[in-house]
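J.: Residue numbers (the numbering used here), protein chains in the order written: chain A, 1 to 487; chain B, 488 to 981.
I should point out that these hints are in silico values taken from the structure, not numbers from a laboratory.
Possibly wrong hints are sitting among the right ones.
Restricting the straight-line Cα-Cα distance to at most 25 Å, the calculated cross-link-like pairs of lysine-lysine (DSS-like) are [unchecked claim]: (1) A:483 x A:424; (2) A:89 x A:143; (3) A:454 x A:484; (4) B:874 x A:89; (5) B:758 x B:874; (6) A:484 x A:442; (7) B:850 x A:89; (8) A:424 x A:454; (9) A:89 x B:729.
Bear in mind that the values here come from a model prediction, so they are computed numbers and not experimental data.
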Amino acid sequence: MSEYRIQGATGEWEVVIGLEVHAQVTSEAKLFSGAATAFGAEPNTQVSLVDAAMPGMLPVPNRECIRQAVRTGMAIDAAINRWSRFDRKNYFYADLPQGYQISQLYHPLVGEGHLDISPDEKNPDATKRIGVERIHVEQDAGKLMHDQHPTRSYVDLNRSGVALMEIVSRPDMASPAEAGAYLRKLRAILRYVGSCDGNMEEGSMRADVNVSVRRAGEELGTRTETKNVNSVRFVMAAIEHEANRQVDVIEGGGRVVQETRLFDPDKGVTRSMRSKEDAHDYRYFPDPDLLPLELDEAFLEDCRASLPELPDAKRARYEGMGITPYNAGVLTAEVETARWFDALLEAGAAPAQAANWVSSELFGALNRMGKGIEDSPVAPAQAAELLSLVADGTLSGSLAKQVFEVMLDTGQSPAAIVEERGLKQTSDTGAIEAVIADVLAKNPGQLDQYRGGKQALFGFFVGQTMKAMGGKANPAVVNDLLKKALG
Amino acid sequence: MTELTDLGIAAIRDGVRDGTFSARDVATAFNEKVSAAKALNAFLVETPEHALAAADAADAARAAGKTLGPLAGVPIGMKDLFCTKDVATTASSHILEGFVPPYESTVSQNLWNAGAGMLGKLNMDQFAMGSSNETSFFGNVISPWRRNDGGHAPLAPGGSSGGSSSAVAARLCPGATGTDTGGSIRQPAAFTGISGIKPTYGRCSRWGTIAFASSLDQAGPMARDVTDCAIMLGAMAGFDPKDATSLDLDVPAWDRELSSDLKGKRVGIPKEYRVDGMPQEIEALWQQGVDWLRDAGAEIVEVSLPHTKYALPAYYIIAPAEASSNLARYDGVRYGLRDLPDGANLQDMYAATRADGFGDEVKRRIMIGTYVLSAGFYDAYYTQAQKVRALIARDFDRAWEACDLLLAPTAPSAAFALGEKSADPIAMYLNDVFTVPSSLAGLPAMSVPGGLDAQGLPLGLQIIGRALDEQGVLDAGLAIEERAGFTARPEAWW
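Could you build the full structure based on these sequences and the hints that come with them?
T.: See the structure below:
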């Protein structure tokens, strides 16, 4: 369905994309040790004897990490494997204390699932289904620090042993936009579920990007894997560059080499890291320190029962309330927005009106202030009150804007602001008629022109009347009375 | 009066409890024996103060009228595979030379909690890889036994728990910890005329025990008799949440339940254990064992364990495979030896450190293990070996339909001279032929001394039981012990 094509010298090329997303499991403790997982802690302060691979230390699975991975699997309609097993991936590196990473190659925790993406934000109902092959859990490695000493490297093991979910998609994406939409959707689901904070800057979520190109209808081409790309924008840029590079290679008479590449965000290019020929032989085998992981029905039921309403279901529910598809998409894209909006609805706001207000007024104000909705100075209950004052005619749209500005500044409740500043809209016909009479008397020229057929001047009289009323007149009443007065 | 150091665990426990002697006197007597036995090279580190402190605690508890722990006042030897807090722990390797753990293994902690004290850390085959104690970086352990030919050829105490077997046989300690991956408790016990039991896999926590092959490693006691083994195993075993393979089961009161009455028990004689070239004396002892057990009331049946001949090759694939990965952590980065030649990069440091830090046998097994796990060979070796392992376990399961216990020799020969087999790894590996199958199946198995061969060297009999049936194994061991009347001991020459 994607229209995305690379225009090569010899014709059009399709792009085939698969993503392996590493998502750090939200958990107080690491996957196989009791050590803490706080981000940004002093180096080597979140390290247990197990994480440092001291002699005789043994891994014990952390049930919470398993639970979060299972919940994530359930959130993408995946098969949960009641029997799974951990394998060791063996290689030497200074950031890998055990000399192996405990992962799941042969029997992952979560099997086949899928998620539906909306590559076009304007048209959220146009979805494409992306397959997820598997989710397995594994340990993160530590980190080398090369900038601490002129000739030595240091090792920080704080991340060593932190639980990751590796979420492996099918090669179902065909454009950078689809890959971006997949990542955003996956991130949203992880955050709804609460299994990963999705913070790409802090490395809680990063992607290995598999890209190949082919002419329409042909067999899959040779793919490359670009490792550890850490933002949606970079993933899209890496695909763009890598796909074009591959087309250039093939059209130049060369062959794409199956290899691991790195993305350089400064230059926007991918670079070869190592080829298949010198790839590691990881000597995977079942970890003999760990028994197979067997999940019982009670555990699965607990996981299932703890799942929140997910983005697609929420969006459908919002649309069912009369909220436009666009607004429903925007309001459900981020879990914080959805939570805030649900609270607003719970406080009694009318759905369609509330959705419009949030996506225009509230988002506008938050953008201006550079704040996220979770830090909004106006709480959902206050916003509901403001909207009800508009609904019952107490405030006009423009008065509501004024009141909202004061709310943002002072945190006062809208009723108090209306009361204190006398911002209440008036429908007092006597007062409005008196002002209209005065406006007409002061503008005889315009009155003549209007009566001479220049109907467009009606707006001028409305404006003058509203201005004289200090903006507080009910616009509908002003319209009625003006029409009568102008004859 | 007998010397205190001639007493076993039960006798020391009872004597301390009854006030026949003080725990301090016991510890002092053993400390002296240990420090006088350097010729055996059984101890890598002597910790007399540890033994004395535990003894004083036992004496004080008794004086205060408190209930004493099951090992109160009993000083023991600790195989150097167990991490001991603030006491150097090396697994007899150069790569861990000088390593002092800031933590205590679960098994050793359990023993201290039971009131035991530590006489020192016992020499062993490096990383528990060996059957003769010749792979230790810190030199061979020498068996206290000598052939009765008047020669002084130093003999192997067995391995890998050779320091343990030598020290117990020489009365340097009444009991010692061992570990058994493919026979490392049973074969050295057999070579030195003592008893030793490898419990069911999962009975003893592996936490804090330096890993050789995780799916096989089990700790167990080595002591002078079956009762002492039962007492000590009771203290060592128990569920440990820090070991994911630990069995969450109560520890039975094995010592109190001991009974040599085997009425109603069926003992199987596995016909496949009659291997070519087995010395006639071992055949004869085996038959003697059959007679003893029958005398104790057991019914004797012949059984078949058809996949026995595949056990040794499967073991020498699985154990090295796990070891190659388990020993990857000794890389010079965080602790232990670091060999950093001038201008070396990370890979150079790994190579130099590991080349220098590991002995030949350890390197051999790391290379075998790396090979059998490598791409293209994994299925042919590792997967195949795991299938064999499953078949071995099935053999035992089928045997249990016909019998409750199995009787077999522990080792295919008596102790050999140091140097006799060290040039031929295959000959050395064949020592494990009778012990490896039960290791692969995770079953409890013990060796008890049955008699002496014509050279005056001890021979052991092995009893194998169903998973969790340590009681049955110990009972049969006791029945043999009572009938064998094995009282031979090496004459002190050291």
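J.: Are the hints correct? Go through all of them and say.
T.: Here is how each hint holds up against the structure:
no.	hint	result
1	A:483 x A:424	holds, 24 Å
2	A:89 x A:143	holds, 18 Å
3	A:454 x A:484	holds, 16 Å
4	B:874 x A:89	holds, 21 Å
5	B:758 x B:874	holds, 22 Å
6	A:484 x A:442	holds, 18 Å
7	B:850 x A:89	holds, 20 Å
8	A:424 x A:454	violated, 33 Å
9	A:89 x B:729	holds, 22 Å
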